[in-house]
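Chains A, B, C and D supply the protein sequences, listed in that same order.
For the first sequence, my numbering assigns the number 30 to the initial residue and increments by one for each residue that follows.
For the second sequence, my numbering assigns the number 16 to the initial residue and increments by one for each residue that follows.
For the third sequence, my numbering assigns the number 224 to the initial residue and increments by one for each residue that follows.
For the fourth sequence, my numbering assigns the number 284 to the initial residue and increments by one for each residue that follows.
There's no promise every hint is true.
Here are the simulated DSBU-like cross-link-like pairs (lysine-lysine), alpha carbons at most 35 Å apart as the crow flies [stated by the list, open to error]:
id	chain 1	residue 1	chain 2	residue 2
1	A	LYS157	B	LYS399
2	A	LYS157	B	LYS261
3	A	LYS106	D	LYS705
4	A	LYS157	C	LYS377
5	C	LYS440	C	LYS240
FYI, nobody ran anything at the bench for these hints, they're computed from the structure.
Predicted model only: the values in this text are computed from it and were never measured.
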Amino acid sequence: MDVIILQVLNGLDKGSAYALIALGLTLIFGTLGVVNFAHGALFMLGAFCAVTLNRFLTLSHQVVDPSRTDFLGNPLKVEVRYIEEWLGPEIGGAIIDWSVPLSILLAIPVMALIGLAMERGLIKHFYKRPHADQILVTFGLAIVLQQIVKYFYGANPIATPAPEAFTGSFDFGVLLGFEPFSIIYPYWRLVYFCFAIVIIAAVFAFLRFTTFGMVVRAGMADRETVGLLGINIGRRFTVMFAIAAIVAGLAGVMYTPIVAPNYNMGMNFLVLSFVVVVVGGMGSLPGAVAAGFLLGILESFASMSAVIDLVPGINQVIIYLVAIIVLLVRPRGLMGRKGVMED
Amino acid sequence: MLGLSRKDTTLLLIVLALVVLAPFLLNPFPEDSELARFNAGYPDLMQRFVIFGIFAMGFNILFGLTGYLSFGHAAFLGVGSYAGVWMMKLLTVNVVPAIIASVAVAGVFSLLIGYICLRRSGIYFSILTLAFAQMSFALAYSVLTPITAGETGLQLSLNDPRILGSSAVDGTIPATNFFGIAMRDGFEWAVGGWKFTFNFGYYLCAVIMLIAFYISIRIFRSPFGAMLRAVKSNQQRMNYTGINPKPYTLAAFVISGMYAGLAGGLMVAVDPLAGADRMFWTASGEVVLMTILGGAGTLVGPLLGAGVIKYFENIFSRLNEADLNQMFSGLPDGLQSAMVTVAQMFVGDGWLLTLGVMFMAVVIFLPGGIVEGGQRVAGWFRRKSGTEKSGKAAPAASAAE
Amino acid sequence: MGILKVRNLNKNFGGLKALNEINLDVEEGTVHAIIGPNGAGKSTLLNTFVGRLVPDTGEVNFDDQPLLNRQPYEINQMGVCRVFQTPEIFGELSLLDNVMIPTFAKRDGSFVLNGWGRMDRETDVNDQAEHVLEDVGLADQRNELANSLSRGDKRRLELAMCLVQAPRLLLLDEPTAGMSRADTNNTIDLLKRIGERGITKIVIEHDMHVVFSLAEKISVMAQGAVIVEGAPDEIKGDPKVQEAYLGGAHL
Amino acid sequence: MGKLYVSRRSLLKGSAAAGVAIAAPTIFTSRAWASDFTNKPTGSSVTLGFNVPQSGVYADEGADQLRALQLAVEHLNGEGDGGMMNTFSSKALKGNGILGKKVEFVTGDTQTKTDAARASARSMIEKDGAIMITGGSSSGPAVAVQALCQEAGVIFMAGLTHANDTTGKDRRRNGFRHFFNSYMSGAALAPVLKNAYGADRKAYYLTADYNWGYTTEQAISQATEGVGWETVNKVLTPLGAGDFSSYIAPVLKSGADVLVLVHYGGDMVNSLTNAVQFGLRDAQANGKNFEIVVPLYSRLMAKGAGDNVKGIFGSTNWHWSLPDDGSKAFTKSFGTKYGFPPSQAAHTVYCQAILYADAVERSGSFHPCGVVEALEDFKFDGLGNGPTLYRADDHQCFKDVLVVRGKEKPESEFDLLEIVEKTPAKQVTYPHDHPQFAGGELGTCNAGTA
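Chain A on its own, in the form it takes in the complex (with noise of 0.2 Å):
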């Protein structure tokens, strides 16, 4: 029991990843009809923000202390962090620790001025296009920024600690009458967690309880209507792209203490919101959330030993498995419309 808690648990994080980028996906999707390829280069980019902030924060001068020795030999250079300098240790190094949180700051402005340079720069010229080319033009963007990424960062990929107040982990198990240490859980994980679920429900009250939210609906309902009534459905979607991407971009954001961020995280959580979308059902908003969950606690399971020993190489397979057959029995996904992108 204790076991598939853990497991569920597991599965929560990674699932709330899938379904922020997916949800992005979705709100593109069904907004603006364009199948964005660099979507998972925008999650990456949200991680960068909080790379950037962290170096911006512990940007340093050198200071020569005589009575410590380099690996040379030649006297020591001590960087001196300025925020340190300027606000005093104490001040400074809690600014510096809390840097990934204080990157959602920077990031919603970024992400936000990225998104709208890339819909009015780019996208805006290919809804009419075909979705191949859609998908090309994207995967072309993706890895060009993947690629400016890597020159000013690396390949390594890079520490980006959460505050030092999240860093231990919970015991549920003792909570829940287990033993300890049975169900032991980060304390960061249970935070990206939440963090999810406040995001997607912003998400969806925007839409449900806004004007603007309830125009975008019908336009991704039906876009010719909408457009008959006079409305400047154009300028929403584009908003709607930006608010895409800052999705995509927070969830990075928060993603870095879990896995230290490289220019070439997007592409591996690409493909797999691909299916997630896929899964879901294209075009519907909650099915990219519930199949984000599910595929993202599916996997877990998977990643279990016994379930490894028993079917060798499931944990490597098991989300395109479950997208087949998906595919197969129910081609519409969990909760999407018949028809969607048949063509």
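Use these hints to put chains B, C and D onto chain A, whose structure you have.
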């Protein structure tokens, strides 16, 4: 000739000439000139040009004609490669059985996968093929290591049985050959400052590529080809016209899978190692890029696309800072370092950036790929000369497929 | 001789009775028109004939063969061809190819792997296609792409794609909708000429001018049911028909 | 005029056919190996091929290798301070290139893929006339390129490759490995682990699901079982899994008290980070402190894992803080040029380049078979690892292996690992037909085209 129209015959002859003369055409710069680094006339790259040309040509039969975008075609290439290496391990290092096995195994595999995937269309089809290919890659890399040698790649060894040949010759693994002509051997001709290499392996691949190209022309011009175009255009109408589109599409899928298998077989014929990496989804993406870049649905487009991408991958990725400094050495100092800094983003490890930018540019500005670009230029010239002669615009360039 | 027999056909969409106990007999060699107000179920009925829609209950027999639960291409191969309300053509192909493809379907069946032949050397198919293109007056545009045609020409092309198969039953869904008066008259002439070849036709039409110039028998549908059936003259004066068109007895 | 290039072996069978196929004057006589071979340098320079990952997950290691190789070229050509050439026990190199020919190099990108690595190596051999290939940061490409060099008739000096197979099942006569291997990691780590954590330990393995993972897991588990440890479970994890939480979470409950992470590169950074997040380092199991072990350490990866590496044991081929003259000279030379100390990946390829050049000098020819002879059973010192033997039986270097631990109080961003023990070479030596290395044959040396 050969049952082709005059236009197609001309095209075939042009491709034939290009392929035969490739060792000269691809080595335009003398050996010790600065520009020699841009020469592409060495066996490995020439082989790659034609092998990936076959791969892209086959992919084009599916994607260019029927519009079905497979994102998992590299799986067939990989399966073909494994089959080929196993033939060379078990039977003989003569490449003929290996190539036949590659095509056959890839054909069966694509029939299986195609039968399942073609139950869906549009992006669902793409995702299905992607899922199958990724599964194949993941399993080949890990669980199937006993069959595929996983990470290290399946290769020949001194202990292979090779029942129709010998396990070892003089303590080394025998070279892959075509009835005694070793694939890695060839003929070198040094003339002036130039050195031209005529590699046997390349010419074997080239001959097979020409045959494949010929078959591809036949398919394009046949009623079958018309049916495939009709699938792309309007499946509904086909159905109500008394035609069952499924077997046509499946046939196209299997044919293109066999082309991929052939490419895989040739890859191991000239270089007997099959790595799982060639099944990774980026490899599938690459063949899509080749086809689109060259011009999907055109005959020569995929060949051109394959050539351009392989050229960038192999030549640009190998330029380094020192090369750039040499190249820009004529410029004033400040300008030189600025140029080198900018150029460095695009070469060496930045070659993918070049590819990405180039790719976006083509999709945005030239949806028909290089072939369309060529047509536009040709049309522009024709109009220009037409205006001079008769004062009237010449008719738009017909598809120079 | 009834070539098409429809017996007790029912289809429900949710709570809506789209087809209600339909019975229909179409005589071989005649032009049978189906008229009725929008939403009467005319197109739904045609959809059941070509395998697009499976009814809940009932039977459809063509030449004493059951039509239901067959794939659209099988039904076509039996000799039934349909012209749609919005033209269904191969837009990216030339007119000639558009017509040659159905000709191949007629000659070779639903699937044949002819990857070695040449389109321009299939002389018999070519000739037939050219001939039909001339019939419908599109021969001059044979090498143009179908998408470049006007809407009326697209319909004519689609008609040609059916005619070339020499079907035994031709289903026409509003063949003149959206056409100018002149085009409509041309189309009527064309259909009359075809009539001389003995092809049975079912025509759905709103334009009574077209209906009365073509039809030998008319079935009137309203709210999923056939309410009246008869020769054109009988239909003209029938109060039920007027009632159906004017929106019911409550007026 | 034209020249047929044919490998001698295929000529036995193929010369007739080839001669007919290309009607050209073919002058061929059977020659002794001293005269002709693939890419024989004819001008005033000799070209080496540096085939390193420039894209993909190991790109940073590849970049570091390239730096070291450029340094090696400088030193060979007599520029710079000479680095380890001054401390090297063999004094054949004179700083005037190799055999008086100036050393030039070409670079290529392996992309950490077997196919790309082979393509890039082939182009260096076929296009640029490289006489030796070195570099690389993982075993798959190393094995693939080694086989290619054997076929082509050039020398392969392996870069960072740790799997047993490189000098085991897939060993080749033309290929040499300076880097240590999985078996050595196990043999060096096991006693240290026993001393630190006791003999009564239960180990849980998370193993990267590919070749290197398998051989390393086997090596470590056999070695630790030899000192009394028990293996509780072995779980395979997919390459590039990113998040390893679902594999790590069940570990604490499994009854194990040690977790061995058989991961490298980004996977190692992530799995270790995850393990620490899940509180494994602070946990208790079986009444003991829970411990984590990483068999193959690299400083570049330790950097990615940040504070998480503190106190964690692993093994490494070399570390810049070693106090011997060779290491000091190399670190100084590298650090002065680039501003930071070299990694083990940089060190091993630097050594390989120097060793190759030295072997050429000693044999007096670039002929690969001469180089092979010069390197086989070659004993040397002064390259940072103490006295070292290039064993003839399998072309593996035998030298001391470093057991390291993540430093608790690093003094700089480079000072992440501390050396716990230098396991003497004798202790990590194994017979060349040891079961973990069985099934391979070196074959004969190949000089390529004649």
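To see whether the hints hold, each was checked on the structure:
1. A C-alpha spacing of about 32 Å is found between LYS157 of chain A and LYS399 of chain B, which places the hinted pair at or below 35 Å, so the restraint holds.
2. Our distance criterion of 35 Å between C-alpha atoms is met by LYS157 of chain A and LYS261 of chain B, whose separation comes to about 27 Å.
3. With a C-alpha separation of about 30 Å, the suggested pairing of LYS106 of chain A with LYS705 of chain D holds against the 35 Å cut-off.
4. For the proposed pair LYS157 of chain A and LYS377 of chain C, the alpha carbon gap of about 23 Å is at most 35 Å, so the pair holds.
5. Between LYS440 of chain C and LYS240 of chain C, the direct Cα distance comes to roughly 25 Å. Compliance with the 35 Å bound is thereby established for this hinted pair.
In summary, this structure violates none of the numbered hints.
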